[in-house]
Every structure is written in structure tokens, then in C-alpha cells.
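Based on the provided sequences and hints, a complete structural model is requested.
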Amino acid sequence: MLYALHEAAYYASTPMRLAALAARDFWGSPLNPAADSAVGRRMHAGADLFANVTRRYGKPKWNIDKVKVGQVDVRVRPTVVWESPWARLVQFDRDMADMRRAGKFSLDPAVLIVAPLSGHYATLLRGTVEAFLPDHAVFIVDWVNAREVSVLEGRFDFHDYIDHVIQMLEVLGPRPNVVAVCQPGPPVLAAAALMAEQNHPSRPASMTFMGSPIDARLSPTVTNQLAEEKPFTWFQSNMIYNVPPPYAGAGRRVYPGFVQLASFMSMNADRHQEAHRRYFNHLVSGDGDSADKHLEFYDEYLSVLDLTEEFYLQTIDIVFQQYLLPKGELVHRGTRVKPEVITDIGLMTVEGENDDISGIGQTQAAHGLCANIP
1 MLYALHEAAY YASTPMRLAA LAARDFWGSP LNPAADSAVG RRMHAGADLF ANVTRRYGKP
61 KWNIDKVKVG QVDVRVRPTV VWESPWARLV QFDRDMADMR RAGKFSLDPA VLIVAPLSGH
121 YATLLRGTVE AFLPDHAVFI VDWVNAREVS VLEGRFDFHD YIDHVIQMLE VLGPRPNVVA
181 VCQPGPPVLA AAALMAEQNH PSRPASMTFM GSPIDARLSP TVTNQLAEEK PFTWFQSNMI
241 YNVPPPYAGA GRRVYPGFVQ LASFMSMNAD RHQEAHRRYF NHLVSGDGDS ADKHLEFYDE
301 YLSVLDLTEE FYLQTIDIVF QQYLLPKGEL VHRGTRVKPE VITDIGLMTV EGENDDISGI
361 GQTQAAHGLC ANIP
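Its first residue numbered 1, the sequence shown is counted upward by one per residue in full-length UniProt numbering.
These aren't lab readings, by the way, just hints derived from the structure by calculation.
For glycine and all other residues, C-beta sits at the position ideal for the given N, C-alpha and C.
Watch out, some of these pointers could steer you wrong.
So the derived label-pair ranges between C-beta atoms look like this [to be verified]:
1. Val171 x Asn372: 23 to 33 Å
2. Lys338 x Asn238: 32 to 42 Å
3. Asp356 x Tyr57: 21 to 31 Å
Heads up, simulated EDC-like pairs for lysine to aspartate or glutamate below, C-alpha to C-alpha not over 20 Å straight-line [what the hints assert, rightly or not]:
4. Lys293 x Asp270
5. Lys68 x Glu130
6. Lys66 x Asp95
7. Lys59 x Glu7
Here it is as C-alpha cells:
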């Protein structure tokens, strides 16, 4: 019901949004003699703010068309090289002629960046992609919004996520590198352990976990405490809703992106309110550069996707309530996941001092689990 009400609220606000857009154009027009007055600038700023707060935010574009390699601008083209109903594997294909002009004649190591499936699109890691591009063949997992997947495609759960990671590593070929940012840590470590046990030729050469809840028992954050305090049935009853028409996934049970966004924003509500107040003042004062930076950030931050019911609830259960991976009790397709079998995969963990999702020690716990890495 909440999802339908959310959609109804959007459509109900359409006349006001259109009026705000018209007012923004009127008060911002160079043909309006009052546009540069104090009243005109405030009217323009208020209309612009309302229009932006109430509009829809679709999936952002990658906007990566070149990268600096040495002193040479190398052209880049995002290309989908593998896909399923739930994800696309995007390669950032660098122009070979430009690479040769930059003095690059050998193949760079391949790296798979596993973006979090936790409410935002993979484009949130645009900066990470750009940082790797000069020296790596970069691939990223681009998750699909669950509301756009027909119920005829079936389920997608935590174990399907692990399978997807394995399949994409296979696409990259022998011994690629993998980077898991935040949420993907547990399923990526599970995939690596399963591949290591099989001596799989595409098992990672290295794995990097950044702010990942490998062991969410350590230094619990507000997010961890919520998962611990609420019974599993509470999440089933309060966080899962049906996708309404006209979306392709109408009828699918999901954890809506707008619910996750509300949770994110409530954690730093004062900061977001202050950011919008400053945006209003930037528009009034004519500080276009600062206003553009605000829009650039929120165009990305307010773009969210839905998660399937089964994936969201299994993540709560496996990662944040039962802690199956660090306890050695995670079983995937009948096989127990054993990180201790990993012996020839490099491991690096990165934690943020002020991370309000994964507390200190949660990511570093991977080193203790992978005890047999030299």
C-alpha cells in the first residue's frame, strides 16, 4: 500500500511541480525586468528548489567518455559484456589506439568492481571507476532496479547474488581482481571461498573489501543495532511492499528504494536540510558553481532502486542477525562456505573511521576468517 501511496503523491504533486517549473522559468528569464531583483531571485530559487525536491530521479548516466593516461586523453566507452534479468556487467572499454599513444602496449590487469545492491545505482562509484581506469581493465556490476523485472523472471536472493559474482568473474577470465564496496563484502568473500575450494581458474588474484560488514557483530552501528533489536518478522511486515502498475515488475514484493533513501537521509537529516538551505542561498546570490555541485550530488544521491524481498530479507537474516559467514555456518547450494581454504588470493581491507554503516573491525574481520592467506 505504501508504494501505491508514494506513486499517488508524486502524481498529485504534478500540477504544483509544473507551476513551479513555470515560475522558475518566468523569474529566471533575462526578459523579465524583475528577474535580478531580490524578490525575483528568491522566487526563482524557491520554485527551483520545489521542482527539484519533488521530481523523479531516474538512473544516472556514467558520463565517463575519457580518462587521462599519462598526458594522453584516452577515449572510454561503457559496454555491456554480460547480462541477466538482474544485473549487467559493464566494461569501460578504452580506445586501443589512444592507449598506444599513451605508451600502453601490454594488457592491464582486470578488476571487477562489485557495486552495492543497497538502494543506489552503481553510478555512485563513478569516481572509483575513473581512479582504476588508467591502469586496469575495469568492469563493474550494474544492478537492475527490481521494480523493472517482471515477476515471470522469478526470484533473486542472496545465493543468486553469489552465483552472479562467480559468473561475472568467469567472464573476466583467469585470476581477475575484485573490489567489493560496502554491502557486497559477505557474498563476494563467499564467492571467492567457493571458487578457491574448487581451484577455479577464474578465482580472484586479489580481493579488496571497502567498508563491508564481514562480521557485523563488531563495533555495531545504528544500522546494526536496528537489525539486532527488531525481530525478523518486523522487517517482513514493515519494509516490504508490492510494486504497483505500470512498472514492469508490478506485483513483485520489494524493499523500495525510497524507503532506503528515507533511512539514509534520516541518519543525517540536519546535514541534508542545511545543504538545501545553502542551495537556496546560492541561487539567490547567483553562485551558479556551488548550486551546480549541489545538483550534481543530489542527482546521484536521490536516484534509488528497489531490492527484491528475498534478497533484502536474507541479507538481514544472514549478515545482520545470524552472522552466518563469520560463524562458519553459511551454506551455499549445499556447500559450506569456508574462507579458511583461501591460500592464494591477496586480501586488502579498507575501513572508514566515521563509517556509520560498517563499524570499526567489521571489514578487517576478513583477515581472521581467511587465516591461511600467507
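- Item | Violations among the numbered hints | none
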